[in-house]
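Trainee: Listed below, chain by chain, are the residues.
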Amino acid sequence: MSKAPILQAVGVTKNYGRVVALDGADLELFPGEVLAVVGDNGAGKSTLIKCLSGAESPDAGQIILDGVEVSFKRPQDGRHAGIETVYQTLAVAPALDIASNLYLGREMRKKGPLGTIFRMLDGSGMRKAAKDHISALGIGTIQNISQAVETLSGGQRQAVAVARAAAFGQKLIILDEPTAALGVRESRQVLKLIESLRDRGMPVILISHNMPQVFEVADRIQVQRLGKRAAVVTPKTHSMNDVVAIMTGAMTVDKKDQALSPVR
Amino acid sequence: MSSAFVLLFASITFSFFNENFLTPSNFSLILQQVAIVGAVAAGQTIIILTAGIDLSCGAIAVFASMTMAKLVQGTPGEGHPAGWSIWLAFPLGLAVGMLGGAINGFLVTKVKLPPFIVTLGTYNVFVALTLTLTKGTVPSIEMDPFLLTLGHYVNLGPFRITTGVVFVIAMYSFLAFVLRYTGWGRHVYAVGDDIDAARLAGISVNRVLMSVYMVAGLIFALSAWIVIGRVTVASPNTGSDLNLDSITAVVIGGTSLFGGRGTIFGSLIGAIIVGVFRNGLTLAGVDLYYQLLAIGLLIIFAVTVDQWIRKARK
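Read top to bottom, the protein sequences are chains A and B.
Read in order, the letters of the first sequence are residues -17 to 246 in this note's numbering.
Read in order, the letters of the second sequence are residues 4 to 317 in this note's numbering.
Just chain A, with the same shape it has in the complex (with noise of 0.2 Å):
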């Protein structure tokens, strides 16, 4: 089975200055995946993300999504071309509630001369369609899309921005550390709902640095390691020790013994 990549990555480099935070950095992400992305403090995993999402634009190197190059200049490009990214801070704001997050800088205005002339916002329409998206994901604790975000868990308000990035990522989405701030109850919602983006065929780059998570999620996890890619494993061939002694330096994998191609 050879599948394109819906997006990749070929030796994407980044400096900061001096600093070299991508070095030639390679990334495939094929449809219907969920890829994570590991690697020690300073690896590149950010860097690279925000290359992928459009936070940051390479200074060499490729991006190709769906069969094309594009060249990001604003997180606002990448979400038009298709790509959502949640971000390790909650990109939520708290005062407001979950209907108003979930169409925060894309509202959905009234049909008609009352959006068009008035430009008025269509709440209900936005509420309603809230709520489809939230149930979609199977978020039942959320009983009410009128309430503020800030009367939440921080699971809860994690599940608002992945079902924002679900609603609208037409590629792929990219969640940065989405359980670093919660808890374990709540890290388990939110790997519930990685797997039910997958299960809907949604592609999904994972950043982690909890390695029983990476290995409960991801179908191939990308190790890196000083700005580069060091290997592609899956948690069947490889086990978490593996991953570390990647991640270090302490132990290589032989090209033919990665997962370099989709494994689903």
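The set of hints was computed from the structure by calculation and includes no laboratory data.
Keep in mind that the hints are not guaranteed to be accurate.
To be verified - Straight-line alpha carbon distances no greater than 30 Å define the calculated BS3-like cross-link-like pairs of lysine-lysine that follow: (1) A:-15 / A:55; (2) A:55 / B:113; (3) A:55 / B:115.
Said to hold, decoys possible - A few chain B positions that, by computed beta-carbon distances, are all more than 12 Å from chain A: (4) 12; (5) 32; (6) 87; (7) 102; (8) 109; (9) 110; (10) 187; (11) 195; (12) 203; (13) 206; (14) 207; (15) 265; (16) 290; (17) 298; (18) 300.
This one's a predicted model, so the numbers in the text were calculated from it and none came from an experiment.
Think of the CB as a built atom: it goes at the ideal place given N, C-alpha and C, for glycine as much as any other residue.
Starting from the known structure of chain A, arrange chain B on it as the hints suggest.
Mentor: Just chain B, lined up with the frame of chain A:
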């Protein structure tokens, strides 16, 4: 709407002390008195909703009013021709207000200074510009009839209020609609609530902030129009209390100084509460000094309640 309850409670309390308090004519008077602060507080509210503050609002209002008056008046006695047409002078005065707001907005968004510092600086700049323009004197001029429009009286049932009061209520209604029902309004709240979240959600944060400061500047210039209507001259001294009084109205009206929470009508109610306290205490025969004390305690009370609410929600 806790501020509405405060207003109701204060009104009932004051009516026990003086039977003239709870009369249409007295309330008409209070509304006329608070119209100016109320108008400025509208602009102040949208700025505070973005977690900003404007200490220069009164100075912008006065500078706009002096611009209008000076242009209409010309400079008689110095060989200059008569003043400009009101249809040029008035829009130019409004433009000056917007420009003042744009300068504040530019310094906040591009130079990235805290709004408090920016407007503390521009406050002095606008006061200086006003004094330069007037050479420190109050111009005694036959004011243009159009500039006095908002000082006219209208009878609404038993109430006798100025057109300025009607104008302020209309302005608040419009702003309330825009804040509640448009994307721009929602973005104003989002920027004040969590500026990083707003940016990550794809909102052009700087554009929102810039527009807020410019709209506020326009509102301050429109407030100047009400000032001219009420005092019938453009005086460089009328706006000195507006800077802090407008913040008082916003805070008592329940809008959080940390941004993102509050309603625009709260500020109008806040302005009316201050007016009711002043008027009620006067009718009850309370000394002016104690009136100031009461307003001071009211502010502290309002901010304490705001803090409690924030803590309870976290």
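Trainee: Against this structure, judge whether each hint is valid.
Mentor: To see whether the hints hold, each was checked on the structure:
Note on residue -15 of chain A and residue 55 of chain A: the hinted pairing holds, with a Cα-Cα distance of about 28 Å set against a maximum of 30 Å. Between residue 55 of chain A and residue 113 of chain B the alpha-carbon distance is near 19 Å, which keeps this suggested pair within the 30 Å criterion. As the CA atoms of residue 55 of chain A and residue 115 of chain B are separated by approximately 22 Å, the hinted pair is consistent with the 30 Å bound. Once the 12 Å rule is applied to beta carbons, residue 12 of chain B is consistent with being away from chain A; the minimum gap is 27 Å.
The beta carbon of residue 32 of chain B is kept farther than 12 Å from every beta carbon of chain A, the shortest such distance being approximately 35 Å. With 12 Å as the threshold on Cβ separation, the claim that residue 87 of chain B sits away from chain A holds: the shortest Cβ distance comes to roughly 34 Å. Residue 102 of chain B, annotated as away from the interface, keeps every beta carbon of chain A farther than 12 Å; the closest lies near 25 Å. Here residue 109 of chain B stays apart from chain A, with its beta-carbon at least about 21 Å from theirs, past the 12 Å limit.
At roughly 23 Å from the closest C-beta of chain A, the C-beta of residue 110 of chain B stays outside 12 Å, upholding its exclusion from the interface. Under the 12 Å C-beta cut-off, the non-interface status given to residue 187 of chain B relative to chain A is violated; the minimum distance is some 8 Å. At the 12 Å boundary, the C-beta of residue 195 of chain B falls inside the reach of chain A, the nearest C-beta of that chain being 8 Å off. Non-interface status of residue 203 of chain B relative to chain A is broken: a Cβ of that chain comes within 12 Å, the nearest being about 4 Å off.
Listed as a non-interface residue, residue 206 of chain B fails to keep its Cβ farther than 12 Å from every Cβ of chain A; the least gap is roughly 5 Å. Not every beta carbon of chain A lies more than 12 Å from that of residue 207 of chain B, the smallest distance being close to 9 Å; the non-interface claim is violated. Listed as outside the interface, residue 265 of chain B is inconsistent with that label: its C-beta sits roughly 10 Å from the nearest C-beta of chain A, within the 12 Å cut-off. Remark: the non-interface label on residue 290 of chain B is consistent with the geometry, its nearest Cβ contact in chain A lying 41 Å away (cut-off 12 Å).
Distance check for residue 298 of chain B against chain A: the nearest CB is about 28 Å away, which clears 12 Å, and the non-interface claim stands. The beta carbon of residue 300 of chain B is kept farther than 12 Å from every beta carbon of chain A, the shortest such distance being approximately 27 Å.
Comparing the model with each earlier hint shows violations of hints 10, 11, 12, 13, 14 and 15; every other hint is respected.
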